[in-house]
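2 protein chains.
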Amino acid sequence: MGVNHFNRDPRDTQFLLHEHLGVAKLLAYEPFADFSVEHIDQVMAQAHQVANQCLGPAMQDGDREGCQFQAGEVKVPSAFHDCWRALRQGGWLAMANDRRWGGLGLPAVVSGLANEYFFGANMALNMYPLLTSGNARLIEAFGTEADRELFVPRMYSGQWAGTMCLTEPLAGSDVGWLETSATPDPDSPDKRVYKIKGRKRFISAGNHDLTENIIHLLLARIEGAPHGTKGISLFIVPKIWVEPDGALGRPNDVVCTGIEHKMGIHGSATCALHFGGSDQCRGILLGEPHTGMAKMFQMMNEARVGTGLMGLALSASAYDAARTWAKRRVQGPPFTDRRGQRVKIINHEDVRRMLLNMKAGTEAMRALIAKTYYLMDVARFEPDAAARQKAAGLVELYTPLVKAYCTDFGFSLTREALQVFGGAGYCNGFPAEQYVRDCKILSIWEGTNYIQSLDLVGRKLGLEGGAVFQGALADIQTFCADNAGDADFGKCFSLLSRAVGVVGFMAGGFLNYLGDGRIGFIPLNATAFLECLAEVVMASLSLEQALVARRKLATVDPASADGLFYRGKMHGARFFCQRVLPAVFARQIAFEQEDASALEIPEACF
Amino acid sequence: MGVNHFNRDPRDTQFLLHEHLGVAKLLAYEPFADFSVEHIDQVMAQAHQVANQCLGPAMQDGDREGCQFQAGEVKVPSAFHDCWRALRQGGWLAMANDRRWGGLGLPAVVSGLANEYFFGANMALNMYPLLTSGNARLIEAFGTEADRELFVPRMYSGQWAGTMCLTEPLAGSDVGWLETSATPDPDSPDKRVYKIKGRKRFISAGNHDLTENIIHLLLARIEGAPHGTKGISLFIVPKIWVEPDGALGRPNDVVCTGIEHKMGIHGSATCALHFGGSDQCRGILLGEPHTGMAKMFQMMNEARVGTGLMGLALSASAYDAARTWAKRRVQGPPFTDRRGQRVKIINHEDVRRMLLNMKAGTEAMRALIAKTYYLMDVARFEPDAAARQKAAGLVELYTPLVKAYCTDFGFSLTREALQVFGGAGYCNGFPAEQYVRDCKILSIWEGTNYIQSLDLVGRKLGLEGGAVFQGALADIQTFCADNAGDADFGKCFSLLSRAVGVVGFMAGGFLNYLGDGRIGFIPLNATAFLECLAEVVMASLSLEQALVARRKLATVDPASADGLFYRGKMHGARFFCQRVLPAVFARQIAFEQEDASALEIPEACF
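From first to last, the protein sequence lines stand for chains A and B.
Residue numbers for the first sequence, in the working numbering: 6 to 611.
Residue numbers for the second sequence, in the working numbering: 6 to 611.
These are computed hints drawn from the structure, not numbers from a lab.
Note that the structure is a prediction, hence the values are computed from the model and not measured.
Be a bit skeptical, because a hint or two may be false.
Note: identical chains are not told apart, hence a pair may lie in one copy or across any two.
Unchecked claim - Taking lysine to aspartate or glutamate and the DMTMM-like style, the derived pairs with C-alpha atoms no more than 20 angstroms apart in a straight line are:
(1) 235 with 342
(2) 202 with 192
(3) 80 with 190
(4) 496 with 597
(5) 349 with 184
(6) 80 with 521
(7) 496 with 605
(8) 496 with 192
Work out the full structure, taking the sequences as your base and the hints as a guide.
Structure representation (C-alpha cells):
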C-alpha cells in the first residue's frame, strides 16, 4: 500500500453545497425527493473516505509502475484493481445516473464534487470509471431498450468498462476526417450490425485488465455516407461479443497494437486500437445513421466539464501538498525580519502569495465548476421553464470556460505548487511533479483549449441571439452596482465592473471584425477573450462567496474553525480580484493594438 | 545512435554577433587580438555541428535510460560517454577561459551562444562540463599557483570533472545554515588541509563514470567560525585524493548515498553525498577562511546567467520542434476559411499566434542573454574605465532578469510548444514533453526565482545609488523618444515608453514602502516588478533589432533568406511589444490596489 497524498479539506465543498449554491433547493425537485441534506453529506463523506483510503494510496505507485503492454493486452498498475473494486462497491461509477439502470440518481453537483475528490486522489485511475459511465450514459440515451438492458447496468456497476473511440492517426482535432468504415454485415439478421474496419489512436482505457469486457463506442463512416462530420455514425463495439442474454461470446477482432509512453497519467492506458484487422469486427449502430457526431457531442460537453474538473482536482491537490509542506519546511527568515530566526516557509511573504494564489484560484475554479454542475441539475429538473432555459444557457456558456480556463490556470497552479517545494518538488518523493505531469494533457484532449475558445466565440456568444451572454454580463454588473463602495470589497467590485466592461468591449470588437471582414482578429484574440470572461465569472462567484462568508462570520467566533474558514474566503476573494483579475486589462490593451503580425508573417519566417 | 531533435537555425545567433551587438568590437580588445570574425564563425559552426551530431542524438536516449545508481557509484546514460569525448576534443569545456590554463580564450558572448546550442541539444549532458569549468574557474581565481597547476588544466580539458557542493538537507535556499564542518587536519603538514564532515544534497554531477576523478568544491564551516554566511569557507575536496604531482592517490571518503528520481534531466546525476563518514575525508582550503560565500557568489552569478541560458535553450528547441511539426501536420481548415480544405496547421491562426509568441519570445530572451554576456566581455576588457563600469553595472542589473524571467517565460514557452503538438506532444515520441520536464528545475536552482527578485529589488536597484537602474530606464526612454511616431513601430515605442513609466512607478513605490514601514509590500510585488523590468528590457532589445532589420531589409531581396529573416524580426518585435509587453499594465493595476491579503490571512486559513 502506497502513501496517501490526498489531503483535501472538505470544508469548501460543504460551503458550496450548503451555504453558497444550496443543494437543498435541488432536493426539492421531484427526482431527488428521496434524498435529504444528510444523505448528501454522507455521500460526500464516503467519497472523501474512498479517495483517502483507496485511490490516494495508489496514485504514486500507479505512476511508477505504469501500464504494461504485453502480447496485445494491457495490465494496469496492480494497486488499481482494489480501487476499481472499491468504486464498484460504492456505486461510484454512476452517481448521477438513472436509478432505473443502476445509477445512484444523485444531483450532478454532488457527483461532480465527489469526482473532484476521486480525480484529486488519483487522476489516472479515475479515467476508467469516467469513460465507462460516460459511454453507458450514451447507450442509455440513444440505445434501444435491448441495448440498454444489455449494456447499461453492467457498465454502471463496473462489471464491464467502456471507452470513446474518436481520434485516428490522421484525424485528431479534426474528427470529421476519420477513415474508420462500417459496412452492413451480410451475415447478421440484425440490420443494425455492421462490419467495422479502422484504426483509432489515443484511446484512453482502450485496453486493460480491470474488467472481463470493454464496450467501445466508436465513430465510423458507413460506406457511402457524406464526407465530414455529417457522415459519421456511432457504434457499440464490444471487445468480446455479447450475446443477447448477456453472455460473453467470441473475441470481436479488436486488437490493441500498443500503448503510449506519456508525460503523465502513467496508470491510464492510452491505446492504439485496430478494429477488424481480420475482418471479424462487428459493431451495433447506436441510433440513426449519420447522427454520431451530435450524439457524441452530448457526451463531449459533459466530458469537457469533467476535464475542467480534473484541472481543478489536480491543482487543488497540488495546493494541499504545497500548504502542508510550507507549514513544515523551515528555512531562513522572512523579508520583513531579515535578521531574524529561521521560520517555517509559510511565513515567507512570497510563499504566502503563492499559497493564496493557489487557494483563491482553486476555490474560484471550484465555484465555477460546481455552479455549472448545479445549473445542469436546474436545467434538467427545475419545474419553471424559464429558469430551466436560463440555466441551460449558462451551462452552455460556462462549459468552454470550465474546460479551457480551469485546465490552463490549473496547470499554472500545479507549477506554482512545485515551486513552493523547491528542489524537493522536482523529485518524485513528493507528488508535486506528478500533478504537473498528469495535468498537462488536459489542455489538449476533449477539444484543445483553442477549440474551446472558438466554441465560445463562434457558438456560445450568439446563443439566443446573444441573450445568454449579455444576460450573464448584466447580472454581474447589477451585482457590482448593488455592492459599489462596499466597505470590505469596494475596490474588488470596482475592478470587476471595469472588467465586465472589457469583456463587452471585446465581444463588440468581434462583431465589428465579422462586419468589416477582418475576421482573422477573432481567432487571434479568442483565447484571450475566453480567459477574460472566465476571470470575470470566477471573480463574481468569489465575491458572492465572500459576502456569504462575511455574513456568517458575524455569527461565529472568528478564531473558530468556521471563523477562520470565512476569513480565508474573504481574503481569497480580495486576492483573486486584485491580483488575478487585472490580467483582463492587459488583454484589453493587447486587443486594442489590433496586432496582425501573426497573420502577416510569412510561413518561411518560422 | 538516437534521433537528433536539435534543429536550431543559426541565423539569429549570427544576427546577434554581427548585426545587432557586433562581436567585431570585442575582437578589438587586446585579449581577443588573435581572433578574427571568421574564427568566431568557425567556432559557432563547429559548436552547431557538435550539438547536431553528438549531443542531440543522445538527448532522448539519455532521458529514457537515465542515471543508474549501483553500489555507491553512478552510471550516466551510455551515449553520454561519446558526448563527453567530443566536448573534450573540441576544447568546449572552457571556451571563454584563460588560455594559460587550457581555455580557448574566446569572448563570453561566443561561449554563451555556443552553450545555447549545447544545452538546446542536450541539457542533462551539458550539466557535466558546465559544472566542471565553473568549478575550475573558481580554483583559477582563488587557488594558489600549485592548486591551479594541479587542477585547472585537468578540468578545462575534461580529464577530471567538478561539482559545486552547497545544498544540505536542512539548508537549501538558506545556505548560511549549513552544517558541514571542517577541522584542521593534524596529520597534514599543509595547514590548508582540513578534515571534512557533512552531508550534501541535490549535487548535480556529484558522482558519475565520465571521468577518473571528480573535484568537489564544497562549502563548510571551520570549527569555531561565526554562524551564518560569514562563517563559511570553500574547500577543494577531490573524490580521489590528488598527490602533488597530479597522480591519483586513495579514495577520499566521499560517498554517494543515492541519486534523485526527478521530473526531468534524467541523464544528469543529482546526488546525495556523504563526506567523511569514515573520518577520512580531506579538503584543501581555497583562499582565506570564512570567505567562501563571496567566492561562491562570483561563480553563482555566472551560473545564474547560465541557468537563464538553459531556459532559452530549451524553449528555443521546443519552438524548433513545434514549428517543424506545424509545417508537417495536416488538420482541418483555418478559422478564416472554415469550409475550406485541410491544411498544415501552421496555417491555423492560433497556431501562428503560438509560434510567433515562441519565436518573438525566444529571440527576445536570446537578445537579453547575449547582451549580458557581451557586457561581461566589455566589463572585463574595455580600455575605457567608464564604459567598463557601465557594462559591469548592467551585467549586475540584468543577471536576476536573465535567471528568473528566462526560466519562467522559457517554461511557459515549452508548455506552448507541447500544445502545438496536441496529443502527440504529451507522448515521448517527440521531445516536446521532455523539454517541459527538463526546464522545470530552472526556476528553482541557483537561487529560486523569488530570490532573484529580491536580489533585484534589494541589491540591484540601489547599485551606485540607483544610477545603474535609472540610467538603464533613461536610455530606453531616450530610445523611445528618438523613435516616437515611427511608421512601422510607433505603437510599439509608445507602449514601451508607457511601460518604462510603470517600472519607474513601481520602483518609487518600493522606496515609499521602505519609508513608511509597509515593507511587506516589497516582497509581495518583487516578482511582478522583475517581470516588468525584464519585459521592458526585452522589448527594447527587440525594437533595436527590428530597426536594424528594417535597415538591412532595404538592401536585400525581401523573398531571399535574409529578407525573410529581417521581416520575421520586424513581425516578432511587433508581436512582443503588442502582445507580451502589455502584461506590465496588468501588474501596475494589481500593484496600485495595495492588496495585503497574503500577509494578513491567518496561517490556519491555508
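*Using 20 angstroms as the alpha-carbon threshold, which applies to residue 496 and residue 605: within, between, both, or neither?*
Between copies only: 17 angstroms across, 40 angstroms inside.
*Using 20 angstroms as the alpha carbon limit, work out where residue 496 and residue 597 are close: within a copy, between copies, both or neither.*
For residue 496 and residue 597, the Cα distance is within 20 angstroms only across copies (11 angstroms; inside one copy 25 angstroms).
*Within, between, both or neither, where residue 235 and residue 342 count as close if Cα-Cα is 20 angstroms or less*: Only across copies: residue 235 and residue 342 sit 18 angstroms apart there, 66 angstroms inside one copy, limit 20 angstroms.
*Can you tell me if residue 80 and residue 521 fall within 20 angstroms by alpha carbon in one copy, between copies, both or neither?*
Close neither inside one copy (57 angstroms) nor across copies (64 angstroms); limit 20 angstroms.
_Alpha-carbon proximity between residue 496 and residue 192, which holds within one copy, between copies, both or neither at 20 angstroms_ = Neither: 72 angstroms inside a copy, 71 angstroms across copies.
*asked:* Cα distance capped at 20 angstroms. Does residue 80 pair with residue 190 within a copy, between copies, both, or neither?
replied: neither (32 angstroms within a copy, 58 angstroms between copies)
_Status of residue 184 relative to residue 349 across identical chains (alpha carbons, at most 20 angstroms)_ = Classified as between: cross-chain Cα gap 19 angstroms, same-chain 58 angstroms, threshold 20 angstroms.
_At most 20 angstroms between alpha carbons: which applies to residue 202 and residue 192, within, between, both or neither?_
within (16 angstroms within a copy, 81 angstroms between copies)
This entry does not satisfy hints 3, 6 and 8, going by the numbered hints stated previously.
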